[in-house]
Amino acid sequence: MPREDVLAKLRERIVRFAACHLSRDLAEDLAQEVLLLLHEKYAHLETAEELLPLSLQIVRFKIMSLRRKAVRRGEYTQVSVTDIPLPDLEAGPADALERKQMLQRLAQAMGQVGERCRELMRLKLQGRDFAEIQKALGARSINTVYTWDFRCRKHLLELMGGSWEPKP
Amino acid sequence: MRRQDIEKLIGGYGAGILTPEEEQALFAAALEDQTLFDALAGEQPLRDLLQDPAARTSLLAALADRPVQWHRRMAAWLMRPRTLAAVAAVLCLAVTVSVWTTRHRRMETVLTARVAPTAPVPVALPEAAAEPAAPPRAQRAEAAAKRKAEVLEMETPPLANAPSAGSGPTSPGNTVARAGGVVGGVPQTVGQLTPAVQRPQASDQIASAPPPPAPKALPVPAPEISPLGWTVLRRQPDGEFVQVDAGSLQTGDAVKLRLESKDAGYVYVVEKQKVLAWSRLEPDTPFDAAIEPQGSGRRDLQLWFSTYPMAWATTGSARLEMSRMTAGTQAVSGVEAPRALKVPAAGGSAPVGPVSIPITLNYQ
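Protein chains in written order, with this note's numbering: chain X, 21 to 188; chain H, 13 to 376.
Please note: incorrect hints may appear among the correct ones.
[Said to hold, decoys possible] With a straight-line cut-off of 25 Å between C-alpha atoms, the simulated SDA-like cross-links for lysine to any residue are:
| # | chain 1 | residue 1 | chain 2 | residue 2 |
| --- | --- | --- | --- | --- |
| 1 | H | K268 | H | E304 |
| 2 | X | K174 | X | Q121 |
| 3 | X | K29 | H | K284 |
| 4 | X | K120 | H | E304 |
| 5 | H | K284 | H | E304 |
| 6 | X | K120 | H | A51 |
| 7 | X | K89 | H | P57 |
| 8 | X | K29 | H | K286 |
| 9 | X | K155 | H | A98 |
| 10 | H | K286 | H | F299 |
No lab work stands behind these hints, which were simulated from the structure alone.
Computed from a prediction, not measured in an experiment: that's the story for all the values here.
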């Protein structure tokens, strides 16, 4: 798929996703900023496998930044695009605290899942792909491993309250 | 790859373990499907976290540090060689003790009777000798009515253990085979009953009698054992019970033992360690003891007859013992003991110790 097509589809998806969390105008602006960033700083990326994860990461950081700014300023109205700085991808103190809290919640939730899920997560954290996990767990097919992982993820997400991040 | 399988790759995206082919399929589908895209966006925080090697190490440590559950610790402890050896030793010891106890109990299932001494026999003086020996029937009936509410404490201590059933000395005076109505079995007496005439108490009374014209002490009559007759009855198809021979029973027959005595007393039907039935016997009033049917073979029963009530108890060694009932006697082992009665029994004669009659029922 050409890069322009990937970016067009990405914009559409980002706008719809952000519209669920922000206002429509903010969602449009957010998508525009993401695409601008991809165009200016990541012009060398071509494929969807490269662009999509990066765009998701940028969207997440921007949404977090918008929320913090709104809370800090007490502004719950629209913010001018010019006031939104380019995101700093380095983790700040607030990010570090959020990561620490998320890590604690995740470790606590992992202690409550079943033995097979624990083993599956252990293998995933070791960086094994699904084919290697299939061999390690003795599953008949890789689809079985997909199903096991899907259920374990769902259970883990339920234990964490439905979201990896604490809800604002 | 099917759509359902693509959705299941989201967990791999969060952990960053997807192969290039899986990523291509997932992202291509996410660009076309907003739901999948939203799911991927929701997975991004986890992906960002797990991209940090320190976070991965921390989570791996958390997975490894999970406390082992108690049943797993118990299973691990049980599988240790020392524990297995100890458990095996305890099991062997328990089996040995169980086998030994079972055999020991079988050997001790001998029925023993502990016979209490009879109550002091009143020495009859000449005037008393002239009195009628037996009270009238109405008087006996009245006495029987009072017996249920009357408890007499008999404080005489046990005399001696009686020989086992069937092995005791048989006294011609004490053994009476019922004439007529007795189908089988030879009554026997158990217990040293004849010394009643040699009782020191009685001798003292005699000796303390005034000199002439002291009345001449009458010889204490030897206690007379009440005769006990028994008949085996078998139920016929029409429901009636008909007298049959004890050796000609069939398996499953409903059988009754009809017990009769010419004297009042108590009769007990005992099998091994169990009192199957007991009753107060009135003269010329038979008592039917139902015998529960069992399989084929021989059943050895023991009939006990006494003019006074006996208490049955199972001792610690599973030995069934009987003794003369006193006011403090308690019924045990589910055997309801009869109430203590006044002694002597009806008729004024000396109380009669237990008489044992073995009966063998042969089921073919």
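Going through the hints against the structure:
Only pairs whose Cα atoms come within 25 Å are accepted, and K268(H) paired with E304(H) is accepted, the gap being roughly 9 Å. For the hint pairing K174(X) with Q121(X), the CA-to-CA distance comes to about 20 Å; that is within 25 Å, so the pair holds. Our distance criterion of 25 Å between C-alpha atoms is broken by K29(X) and K284(H), whose separation comes to about 96 Å. For the given pair, K120(X) sits about 80 Å from E304(H) by alpha-carbon distance, which is inconsistent with the 25 Å threshold.
Proposed proximity of K284(H) and E304(H) is supported: the alpha carbons are some 14 Å apart, at most 25 Å. With a CA separation close to 23 Å, the supplied pair K120(X) and A51(H) stays within the 25 Å bound. In summary, the hint linking K89(X) to P57(H) is supported, as the alpha carbons are separated by about 19 Å, within the 25 Å threshold. In summary, the hint linking K29(X) to K286(H) is not supported, as the alpha carbons are separated by about 94 Å, beyond the 25 Å threshold.
Distance restraint check for K155(X) and A98(H): the Cα-Cα separation of roughly 40 Å exceeds the 25 Å cut-off, and the hinted pair is therefore not satisfied. Our distance criterion of 25 Å between C-alpha atoms is met by K286(H) and F299(H), whose separation comes to about 19 Å.
Comparing the model with each numbered hint stated earlier shows that hints 3, 4, 8, 9 do not hold.
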